[in-house]
Amino acid sequence: MVSNGLKNHLYHLVHLLPGLHKLTSKKGIPSLLEDKLSWFHINGELKMDDEVAELIEERDHSTDEERAWTSSSHSEIRLHLPTSVLQFQNVKDGKQTGFRRTAQTCLNRIHKAVFHHQWHTAAELMPNYFQILEDNTTRKQRSAGQVIWRMGTAILQHHPNSCIEDINSFAGKMKSIGVKHYLKVCLEYAIHLLCNGKMDEAYRELSLAETWRYGEQSASQQKVLKLIQGYRALIDYYTWVKKNSGVQERVGDDAVDSGTAQEMHNYFRQASIGLHDAVQNPGVWDPFILSYVNLLDFYDGFEEALKVLNNYAYDSRFPPNPNAHVYLYEFLKKHGTSPKKLMKVLRVLYQLVPSHELMLEFNSLLLESKKKKHHKEALGVLFCLLDFPTWKENYSTWKCLTKQMKHAIAEGHSDWIKEQWELRQDWWPAFHFSEYRAHKNFEENESYACRKAMIAGILMGKGCKYFIIVYRLGRKVQKAKLKKMRQYVKDHSLLQLSEC
Amino acid sequence: MDSAFPYSLFPSFYDPGPPDRNPLDLGGWGKYEHVQPFSVEAGEQQEAELKWSALKSLTQESWEPLEPVAVPLLPAKTVCKFRPVSLEELTYTGRIMTAGERDEMTMGALNFTEQGKARQTAISVNHLRTFTERVKQRECPLSSGSKRARLLNLLLRESVFDIPPNLLAENIHEEMKIQRNKLLFDHSATGGALVYCPFSKGVHFEEGCLIYPGSESMNSLNFRKIKLGLDDDKMPKLSMKFKPVKFKLNGRIHQIDYSTVEEEAYVGVRSDYHCGVWKLSQEVNPSALQVVQMANMATCINVSPHVPGELVIASECGAAYLWILDKGLQKIRKETDNLYFNAQLPWRWCDFTAHPRVYMYADRTGLDLTDVRAGETCNQTLFKIGAAADCQRGERVILPKHLRDVNPYHYLITTQNSAYIVDERFPTVPVLKWVHMMESPPMFAQVACGTVRNRTNKIVLGSQRAQEVLLLQYSGGMQLPCQSFGPPQKLSSIYDMMQHLPVRLPHQHEVVAERLHSAGAGLATLYHCRGKKTLSVFQLSAVGDLFYQMLVRKNSSANGQSVSGASRARVGSNHEPNNSILSKEVQSINHSTEPRLEGAEDLAQGEGERLEVNSSLSGVDEQRVQSFIKQSTNKPSTPSCAALAMCRRWINSFLKKQKKFQSGSDMLHKHSVFSTKRLFSCKRFKKGKESNDAYKEVWDKMKAVMEKKEVLCHSTFPILDSVSVPDLVDPSMWRDELSERLTAAWEGKWSEWWAEKLGVNRDKKIQALRAKRRREKLARAGQRSGLSGSFTSSVSNLSDFSDFSGWSRSSVVDSEHGDYLSGTESNVLSNKSTEVKQSIGTVTEESRQEREVQSNVSVVEQSRTPMPEPILSQEIRLVGIPKERKRILQNYLAALEDHPPQPSEGDDGISWSLPLASSTQMSFAEPSQMASTCEMSWLSSSQSQLGPSQPKKKRARMGF
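Heads up: the sequence lines are chains A and B, in that order.
Note that the working numbering has the first sequence beginning at 1, numbered continuously upward.
Note that the working numbering has the second sequence beginning at 1001, numbered continuously upward.
Simulated from the structure, these hints should not be mistaken for lab results.
A hint or two may mislead.
Covered stretches of chain A (chain B as the covering partner; in silico rule of three or more C-beta atoms under 8 angstroms from a C-beta of chain B) [claimed, not checked]: (1) 389-395; (2) 471-481.
Dumping the calculated SDA-like pairs for lysine to any residue here, alpha-carbon to alpha-carbon at most 25 angstroms [claimed, not checked]: (3) K1331/B / A430/A; (4) K403/A / S434/A; (5) K198/A / M264/A; (6) K1490/B / Q118/A; (7) K226/A / D1020/B; (8) K1077/B / V1503/B.
All values derive from a computational prediction rather than experimental measurement.
Built from N, CA and C at the ideal position, the CB exists for glycine as well.
Kindly produce the complete structure, drawing on both the sequences and the hints.
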């Protein structure tokens, strides 16, 4: 199946890097844009269209692609001016040598092929692009190295005939494209190994990269290093988990020997140090936090784990991650913390994400409490949940609401309901209690429709459409129940309340 | 469950603050970015296996286009009345010829009619007055076709402008920039004016309504039913047989949005200052409900997915309104400034969110959530351009979109560089980001969501200018974090059709190409996810053409894996048979204490779905698809006959329309042609004299010449006897003082003559002579290469005469040494001019005169000669002559010089026509060569008044 030609191309792609072969000479290609600049003559002074001037300038200074932008003076946003614009200008453009244009054309064609997922074509074109490495400016060379890395990786990843060895050797070569990119290449390669189930190799790769030192590190390199550290520690953690489960199984048979314990502790230490460092920087560290907390928890570091979680949830440097509160709640719940503290955590989450699934738990927690304040809050939480379209047809939520409204009415707190209703009375009728919905709900689930009808009746009186329709439909099936419901609505609807 | 939030998100850094320095723009290729582990439950007995999954996964559903090009959906209905201006034209920076320059070139002949006309119009001030009054009234000068107005315009030129031409030029320049930017990016089209609203879906068919604007000015709203079914070969096919329902609106339609609530579709339509709502359903024809007029330009309209009959609109002044049908507008928010930094951009957008009473409010700097419950407004940042979203400098929000049907908590945000998915439950940090690498910013987007959750969602992005279409795939956002699947895939653009079309006449080809290149105006998708899965992408262009392309799902399990043997390790772990990684029951390993069952539900659903698919497809059908796919992978493929027929039909309809329009628009062109009829009207010739055939003939010929826009000269107008050169007045013959003075005055040296006469400038002269000597000494000490060079070249090769730039440069160098140049030179020269006494007509005598001068000068001052002396050059003399006269003369001379000297005219003619060439050089030259030399020197003289070319000859002679 695999043609020889293609194999050759792949061979080129993988082995003939970087810039080991001398290709065409860059001299002797005439520059087509040597003409003088043309000027726009307005009002006695010489003025060139500044946008085009900028275009030329940008093109001269651009690092990788010949692109320019419209200036912000009039256009709404910075945009690429198409290079076709330049073709119509007599523009002096010394830097734009034929050599570079050839390389750029080649790159454009590679892009086109990759965009259309024509991996064969892209692989055939790729070796031709390597000649850009002979460019006389170091800047261009450096950027070309990156382009080759990224495009080459993309092609090898998707080419139907590429194999893991190709990618390995390509990644190995790519590590030498520049000091600045070494860590990035390592990280991407390690992720590739991980995705292919080669955890051990990935671990080796990450450890190597972690210990790599070369001069001053830039901010972006620091970031990559932190990630490398984090991922390495994460693998450590999973190794620990695996070993630990093995140890746990054996616990029944005989006691753990000190050697194994020592080994376990080593893994723990490595993982926890790495994870600890990784979660210090502001960011989203869900997998790291979970592993770290699990580790600490296992070794009885309750306080430490709580500190990490609190920091993750409440430090203002961190983004408002709902999961941070979820983890904190789950951790506290697991350790049997008092409902008051749990409620506190969930209340914060309620402010952040009122539609969160944990709100049902929050609701039941509030109900368990003896305080009336909490009962009122619980009702509010339910109403809030039902505001969201994803909870709109959630039977159990409506069921809870019916129960709690009845409870509130029985307790003589119709004003709680009224308070909630006032916020919603302009849109809930159309959102929940339309005619269409009454028919549909009744068709799908009668008891659910009845429950909803009762709420509608309480909120809007027995004259509301939803109630009337469900009542009319339901009367044929279960007359007694509906009659009872109607009486209840008649007695307890909010309209009744306001009339009194 | 819909409302679940991913339990564990992918790791990332968070860095609030302004965007960083722009990194190298490499696009989004070959990156995994982040990874996290999931435990995959392989079976009941086996222990959970650890799987790592990357943020940018390699796997994807592969979608193959049925046809290699986008095919027109309907024949062309409209034709553009005006040729659209192209971007290249608006960015042209070359020298633009002004009308004046043109005149000099084309009407160089001695045109006495101009004089006559001027006299005529100058007299009738009344005409002028009426004309100027009329100019004010008329809006378009083309349509106010008064003959007199044109003639007057010719005469008055700049003086009739309301705005000074300089200012006008600047304004036009400015306007061109604005137009150019508008061509690059026109924000009014944001969102797109094309919508597909599905009605009913079956396994093998789907019916829906395509809503799009039509007619020339895109102001008629069309509702057209379309049906997706299978054709005889069991391939998906669109049918457009139904007649559209049309509504004529008052303005161009920029955006159409719809939402289906409770089986009724509400359609919001936005034009510049009006927004309207229509309602339709499968059974009921569309009906208009309500229209609002805006004081400011409307920028956005969106229909509520929650409550029927609710819309939001935003306008350029920064206000956003909730529009409840029958209740009117209700202000949500008004911001005069931009949200996060001062970008001073008027564009605003608003949309609905997961909560029906919380609205999204956006401008170019970011997105905000505005809660309007209970009167008080409370705002929360959803997304802002900055480092938190890893933005680049200069990046701006182009299109925000609430992903109602896919995930109500999600938003798609496009910028010039990237596309983001943002979850409102975790604001400011995008859950997914792609670098889309499109040439122009994506302004249209559709997100198709399969009914089954474990399939990928498809984002189709469309850009305005280049009409690119990009397909992205992602999944997640509920139990699992968002993950992107596969690299972006470009779909064919409308213009690709060109290469498959039959060859046409060049101008037709050009017109069609231009038409296909017109900007995009909208994008719609039809995702049929049952039975044979198809994704149809509709594209609307700004001129009203509709194109579509259909993609079919390629089943990689059948052909991919069997080919590459098991011996080879596959790239990417995720090459699962059905290509949907998420159908595995996946859960976070850390969460093993609390097994989640929802995933299992998904799995079950997925399996069921797959089974259904397999059973629904017959074996034959499957094979067909496969063979088709094999074909399609063997590029380059050509479109099917049916597609080609559609393309041809479209082109024919378009060209026919175009032709019809062109014949109709001839009238328009006639207005803009400058009529030469009036220039030499019959009447004027008849005036005073008896009309006879000779005059008639002359008139006819003249007219013919004028119509051809040729110069009225001997060759083009042979009917006239060649005018003999008038006898020249030789000023040297008139030696009396008065004549001398008059001659001097004619040359503009009247005052100098007097100064000379009275001896006022004697001291100056002496000084100048001294200075000159000093300069000469210096020159002698220095190199004389310039001089000798000019000498040899002038002798050896005549053609070098045109190249006097080298000389003039050396003269400049020379003059820098001496200080005499400024005021004294003219005195020195005028001294000689008393000797020479040349009048303007002394060309014939020139060589003789020159010699005289030469001798005179050499007698007075022998060492002075290396100094170039421009006294004898005609150009120099022209410089001194008052403008009006000079102009007439120049025209005259230019016209005469237009036709080559004829041998019959004898030596006189030749020597006259070669005022710049000395006799010695003339003997080398052939007539034609001389003519060209002469012409060149004249041209150069007209280009630069300062460049005296005469001295060259003198210098050459000096060598003798």
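Going through the hints against the structure:
Coverage of a stretch by a chain is defined here by at least three residues with a beta carbon nearer than 8 angstroms to that chain's beta carbons; for the region 389-395 of chain A and chain B the count is 3, and the condition holds. Here the region 471-481 of chain A counts 0 residues with a CB under 8 angstroms from a CB of chain B, which misses the bar of 3, and the coverage is violated. With a CA separation close to 20 angstroms, the supplied pair K1331/B and A430/A stays within the 25 angstroms bound. For the suggested pair K403/A and S434/A, the alpha carbons sit about 22 angstroms apart, so the restraint of at most 25 angstroms is met.
Restraint check for K198/A and M264/A: satisfied, since their Cα atoms lie roughly 22 angstroms apart, inside the 25 angstroms limit. Using a Cα cut-off of 25 angstroms, the hinted pair K1490/B and Q118/A holds, with the two alpha carbons roughly 11 angstroms apart. Straight-line distance between C-alpha atoms of K226/A and D1020/B comes to about 19 angstroms, which keeps the hinted pair within the 25 angstroms bound. A threshold of 25 angstroms between alpha carbons decides the hint, and for K1077/B with V1503/B the separation of about 22 angstroms falls inside it, so the pair holds.
This entry does not satisfy hint 2, going by the numbered hints stated previously; all others are met.
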